[in-house]
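S.K.: Sequence:
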Amino acid sequence: MRILHTMLRVGDLEKSLDFYTRVIGMTLLRRHDYPEGRFTLAFVGYGPEDTHPALELTHNWDTAKYELGTAYGHIALGVSDIHATANAIRQAGGKVVREPGPMKHGTTVIAFVEDPDGYKVELIQQKT
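1 is the number of the first residue of the sequence shown in UniProt numbering; add one for each residue after it.
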């Protein structure tokens, strides 16, 4: 078994696609509208779905905003240069909500950014 995708419900699909593709560098893998159900599914990721997990962005046409709830945590991305990545995200219009630095009670260097719906994306400095 392997993880295929994680699904997030988004209020504005175009803003979310812009964030996940332009700001943090994923590729739009596929997108399909379901007019009878009034929703669109868009899959983004860093590689083909047959070898890489994807993020499914579900846009219900009649819902502009969702409550995030308290059970959801975050998506994590490994990066080679966390400071450069955070700066690039900021320059692209992304929102850095925790600057790069060591995690509490540890030494791993992390940062957090936020997508247009308020979902957190953790950046983790990968060891070289």
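By construction, these hints were calculated from the structure, which means they are not laboratory data. Certain hints may be false.
Here are the simulated distance ranges between beta carbons [as the list claims (entries may be wrong)]: (1) 120 - 36: 28 to 38 angstroms; (2) 128 - 64: 17 to 27 angstroms; (3) 35 - 87: 33 to 43 angstroms; (4) 35 - 128: 41 to 51 angstroms; (5) 106 - 58: 27 to 37 angstroms; (6) 105 - 21: 18 to 28 angstroms; (7) 106 - 48: 32 to 42 angstroms; (8) 104 - 35: 39 to 49 angstroms; (9) 35 - 93: 24 to 34 angstroms.
Even for Gly, the Cβ is constructed at its ideal location relative to N, Cα and C.
S.K.: Hints first: check each against the structure and report whether it holds.
M.R.: Going down the list of hints, with the structure as the test:
1. 120 - 36: 28 to 38 angstroms: 33 angstroms, holds
2. 128 - 64: 17 to 27 angstroms: For residue 64 against residue 128, whose Cβ atoms are near 43 angstroms apart, the range 17 to 27 angstroms is violated.
3. 35 - 87: 33 to 43 angstroms: 41 angstroms, holds
4. 35 - 128: 41 to 51 angstroms: Once the Cβ atoms are compared, 48 angstroms apart, the range 41 to 51 angstroms for residue 128 and residue 35 holds.
5. 106 - 58: 27 to 37 angstroms: 34 angstroms, holds
6. 105 - 21: 18 to 28 angstroms: 34 angstroms, violated
7. 106 - 48: 32 to 42 angstroms: Roughly 33 angstroms apart at Cβ, these two residues keep to the hinted range, so it holds.
8. 104 - 35: 39 to 49 angstroms: 47 angstroms, holds
9. 35 - 93: 24 to 34 angstroms: 31 angstroms, holds
Hint compliance for this structure: hints 2 and 6 are broken, all remaining hints hold.
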